[in-house]
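Those protein sequence lines, which keep their order, are chains A and Z.
The numbers in full-length UniProt numbering rise by one with no breaks, and the one at position 299 of the first sequence is 299.
The numbers in full-length UniProt numbering rise by one with no breaks, and the one at position 54 of the second sequence is 54.
Among the clues, some could well be false.
What the hints assert, rightly or not - Listed next, the in silico DSBU-like pairs over lysine-lysine satisfying Cα-Cα at most 35 Å (straight line):
{"hint": "1", "chain 1": "A", "residue 1": "K168", "chain 2": "A", "residue 2": "K250"}
{"hint": "2", "chain 1": "A", "residue 1": "K250", "chain 2": "Z", "residue 2": "K273"}
{"hint": "3", "chain 1": "A", "residue 1": "K380", "chain 2": "A", "residue 2": "K317"}
{"hint": "4", "chain 1": "A", "residue 1": "K395", "chain 2": "Z", "residue 2": "K273"}
{"hint": "5", "chain 1": "A", "residue 1": "K279", "chain 2": "Z", "residue 2": "K273"}
{"hint": "6", "chain 1": "Z", "residue 1": "K91", "chain 2": "A", "residue 2": "K136"}
{"hint": "7", "chain 1": "A", "residue 1": "K200", "chain 2": "A", "residue 2": "K136"}
{"hint": "8", "chain 1": "A", "residue 1": "K441", "chain 2": "Z", "residue 2": "K227"}
{"hint": "9", "chain 1": "A", "residue 1": "K76", "chain 2": "A", "residue 2": "K164"}
{"hint": "10", "chain 1": "Z", "residue 1": "K91", "chain 2": "A", "residue 2": "K260"}
To be verified - Stretches of chain A that chain Z covers, calculated by requiring three or more beta carbons in the stretch to come under 8 Å of a beta carbon on chain Z:
{"hint": "11", "region": "273-281"}
{"hint": "12", "region": "316-327"}
{"hint": "13", "region": "367-379"}
{"hint": "14", "region": "424-437"}
I should point out that these hints are in silico values taken from the structure, not numbers from a laboratory.
Nothing here was measured: the structure is a model prediction, and the numbers come from that model.
The beta-carbon is built from N, C-alpha and C at its ideal position, and this holds for glycine as well.
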Amino acid sequence: MKSMLKKGLLAAALMASTAPAAMAQECADADRVPITWSTIAGFYTDAMAELVSGFEAGHCVKVNVVNIDNSQLYNKQVIEMVGQTGAYDVVTLETSEKAEFAENGFILPMTEYFADKKAQLDDVAPTLAALTTQYKDDVWGLPYYTYTAGYIYRADLFDDPTEKEAFKKRFNYDLAVPTTWAQHRDIAEFFTRKAGETLKGEKLTKDFYGVGLMAGPFPEIQDEMSGVLWSQGADWLTDEGKVPVDAVEKAMNDYLELVKYAPPAALTVTYDGVMNQMKDGQIAQTYSFFLDQWPNAVQTETSVAGAKMGVAEAPEKKAYIGGFLLAVSASSAHPKEAMDFVAHIGGHDAQMEFAKAGGTSTLMSVLSDPAFAAPESRGKTGHFSTLLEIFDSMKGFRSNLFDTPFGAKIYNTMQIPLQSAAAGQISARQAAERLAVEVEKICGGPCPIGK
Amino acid sequence: MSQSLSVPASQERGAASPTAMSDRWFSILLIVPAMLVILVFALLPLAYALDVSFRFADLTRGRIGDFVGLDNYRAVLHDRAFWSSVGVTLKFTLTAVTLEMVLGIAIAFLIHGATAGKGIIRSLMILPLATSAAVTGLFWRYLYDTQFGLINHFLGLVGLPEPNWLGDYTIALWSVILFDVWQWTPFVALIALAGLQALPKEPFEAAELDGASTFRVLRTLTFPMLKPVLFLVLVLRTIDSVRLYDAVAVLTRGGPGTVTETMTFYLYRTGLKLFRMDYASTMAIFFLYAMLVASLFALRPLLTQFSSRASEG
Numbered sequence: 001m002k003s004m005l006k007k008g009l010l011a012a013a014l015m016a017s018t019a020p021a022a023m024a025q026e027c028a029d030a031d032r033v034p035i036t037w038s039t040i041a042g043f044y045t046d047a048m049a050e051l052v053s054g055f056e057a058g059h060c061v062k063v064n065v066v067n068i069d070n071s072q073l074y075n076k077q078v079i080e081m082v083g084q085t086g087a088y089d090v091v092t093l094e095t096s097e098k099a100e101f102a103e104n105g106f107i108l109p110m111t112e113y114f115a116d117k118k119a120q121l122d123d124v125a126p127t128l129a130a131l132t133t134q135y136k137d138d139v140w141g142l143p144y145y146t147y148t149a150g151y152i153y154r155a156d157l158f159d160d161p162t163e164k165e166a167f168k169k170r171f172n173y174d175l176a177v178p179t180t181w182a183q184h185r186d187i188a189e190f191f192t193r194k195a196g197e198t199l200k201g202e203k204l205t206k207d208f209y210g211v212g213l214m215a216g217p218f219p220e221i222q223d224e225m226s227g228v229l230w231s232q233g234a235d236w237l238t239d240e241g242k243v244p245v246d247a248v249e250k251a252m253n254d255y256l257e258l259v260k261y262a263p264p265a266a267l268t269v270t271y272d273g274v275m276n277q278m279k280d281g282q283i284a285q286t287y288s289f290f291l292d293q294w295p296n297a298v299q300t301e302t303s304v305a306g307a308k309m310g311v312a313e314a315p316e317k318k319a320y321i322g323g324f325l326l327a328v329s330a331s332s333a334h335p336k337e338a339m340d341f342v343a344h345i346g347g348h349d350a351q352m353e354f355a356k357a358g359g360t361s362t363l364m365s366v367l368s369d370p371a372f373a374a375p376e377s378r379g380k381t382g383h384f385s386t387l388l389e390i391f392d393s394m395k396g397f398r399s400n401l402f403d404t405p406f407g408a409k410i411y412n413t414m415q416i417p418l419q420s421a422a423a424g425q426i427s428a429r430q431a432a433e434r435l436a437v438e439v440e441k442i443c444g445g446p447c448p449i450g451k
Numbered sequence: 001m002s003q004s005l006s007v008p009a010s011q012e013r014g015a016a017s018p019t020a021m022s023d024r025w026f027s028i029l030l031i032v033p034a035m036l037v038i039l040v041f042a043l044l045p046l047a048y049a050l051d052v053s054f055r056f057a058d059l060t061r062g063r064i065g066d067f068v069g070l071d072n073y074r075a076v077l078h079d080r081a082f083w084s085s086v087g088v089t090l091k092f093t094l095t096a097v098t099l100e101m102v103l104g105i106a107i108a109f110l111i112h113g114a115t116a117g118k119g120i121i122r123s124l125m126i127l128p129l130a131t132s133a134a135v136t137g138l139f140w141r142y143l144y145d146t147q148f149g150l151i152n153h154f155l156g157l158v159g160l161p162e163p164n165w166l167g168d169y170t171i172a173l174w175s176v177i178l179f180d181v182w183q184w185t186p187f188v189a190l191i192a193l194a195g196l197q198a199l200p201k202e203p204f205e206a207a208e209l210d211g212a213s214t215f216r217v218l219r220t221l222t223f224p225m226l227k228p229v230l231f232l233v234l235v236l237r238t239i240d241s242v243r244l245y246d247a248v249a250v251l252t253r254g255g256p257g258t259v260t261e262t263m264t265f266y267l268y269r270t271g272l273k274l275f276r277m278d279y280a281s282t283m284a285i286f287f288l289y290a291m292l293v294a295s296l297f298a299l300r301p302l303l304t305q306f307s308s309r310a311s312e313g
């Protein structure tokens, strides 16, 4: 009986493994169902091409990948959705865009599709799933890539005996990865030095800064500030759908304290600029930075002599949780194939391949795979264990910003008052008040929150 | 007694071919294609925008909605960001166009007086014009970069302060103006140079014989004769500057905050980031109205001059 069962399982496994190949052989190019995926240019596009090939090998589908610049992806997708053009079958959404697309009927719920694939759905990191896939009791797709934020720092500076001693003498506690905003600010201040001063006992040839910030005219400024705001127990929107002005003002003031210790270019850059500063040996740490950039950050070890990079949870264990959600357009002519594609890209096998290529997976089974914790994988996946810690620390977290159908518009607007304050043009209070006015204008009153 | 053999032209044509088209209809036929293009690509969208400006139209909340009267006009007129963008646009236009005109005319005089290398200089001056602002803007963004930019590198070498060109709210708009001046001064210079080269020589030779000073020649001969050309360039540059979008989009994205947010950039943000087509259309109508009024005032002297010349001719 046991051997029969074994044989049966073996046959089933054999059939399962050969079925895609057989299907690919049976399927002529002319018979392939065309689907189009709009995605972000530059985010592991090559790796994605491999994953797409893997899907095409097992399905009689031809996937056209349309790469769009990150700054234009939202507008382009909305225009196609409003026009119901069917130009895109699968769309890529930022966390704040999900509610808008779901509420307005731009994307199809996938709750029924996943009804018999619960294991796959449960494999998505629960914290991430809550924020990216769920809205009003439905599942709207799968996240295939996470850019959840954490703390990236120059571990060699933190380990240096001279620096440790000087820090202890000045602040009366040990130099270590900060767990509070106050410690983080102290570290930023401590490492900010002028050319001619010393760092690790060596004379600096150019100015050195305590922290790298993304305070340029991009939405990333609010991603950075989210951690500060959320750790106060506040949110960008109250449950009544209004901006909590006092809390935003306090978070803004905390942020402004950090701007003093950031390179002047902080006011013009986004994540790539901060990475350039890190690799150029200009900054000591960046506190709420997209951890998918770890493979990039770790290159500092080769570009800066003696550098050793470290990664940890953000201070107060609160940081921006984000992921690119793959969802199926309501105007897709081939929704079944599009859903199969979403399930494939967000599935275990594709995510394993993605992780091997340096992508940051969204699945617990991949993030916790021992192979990725091995020292030889550190350059690509050294941040996975930290991601697991972050997801654990932020378990059950929800933000009203991601649960209002106006989230995308708010997200695209809030950078303006926040950056004005960061640049010194207006005060933190004015920024918070302007944000409140703008948000009220966008929502036409208090914003609806649809949990 | 003589009898004229001449026949009125219309009768002649009629006699030659009774079925031939009249001049009037022939000329109408000639302009029909151009009018169709204008109708489809300008007038119909304009009429549609006018219609949308009286309706509720949040694209992400469905299609064009109900008639709301003048609500959108009231909202735009009370919108602080709109007036701020108008202010930025005016400041940019006045400064950039003035600098471009002054520098362009000066350069034209220098080239006009040059004895060699005019061809090479003219070719080099076309380069900034031949590339789109989106491409050159990207190039300038790297030049302006606080840490890795060439401008600050050289300023640092000579011990001068290294400004945060695009991040400092007190100078960001000036950085955009500088870029625009770099790109469009050659245009002014080339047109002014063409105007200078087309001036008749005789009045200048006479002035020289009379011993007129250079300043007097410039004041009484050169500038009055160049005036129509310079005025046309001024109008063209002003219209183009008021529409500024691409340089802002590439260099600053309207920031820091809204310091460099021009009317067209704000319109883009309202229409294609917030998808409020009602507000965006209303702003576009305001924008068009302002441009029409300004153009009428600006072009009136020029048109009067042209028509008087035509009647003299």
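Hint check results:
1. A:K168 with A:K250: Between A:K168 and A:K250 the Cα gap is close to 28 Å, so the pair holds against 35 Å.
2. A:K250 with Z:K273: Roughly 28 Å separates the two Cα atoms, so the pair holds.
3. A:K380 with A:K317: 23 Å, holds
4. A:K395 with Z:K273: Status holds; Cα separation ~32 Å.
5. A:K279 with Z:K273: The given pair, whose Cα atoms are some 33 Å apart, holds under the 35 Å limit.
6. Z:K91 with A:K136: Violated - the C-alpha atoms of A:K136 and Z:K91 are around 48 Å apart, more than 35 Å.
7. A:K200 with A:K136: 53 Å, violated
8. A:K441 with Z:K227: Measuring from Cα to Cα gives roughly 48 Å; hence the hint is violated.
9. A:K76 with A:K164: This hinted pair is violated, its Cα atoms lying about 50 Å apart.
10. Z:K91 with A:K260: 30 Å, holds
11. 273-281: holds (count 3)
12. 316-327: Since 0 is below three, the answer is violated.
13. 367-379: violated (count 0)
14. 424-437: holds (count 3)
Violation of the numbered hints given earlier is confined to hints 6, 7, 8, 9, 12 and 13; the remaining hints are satisfied by the structure.
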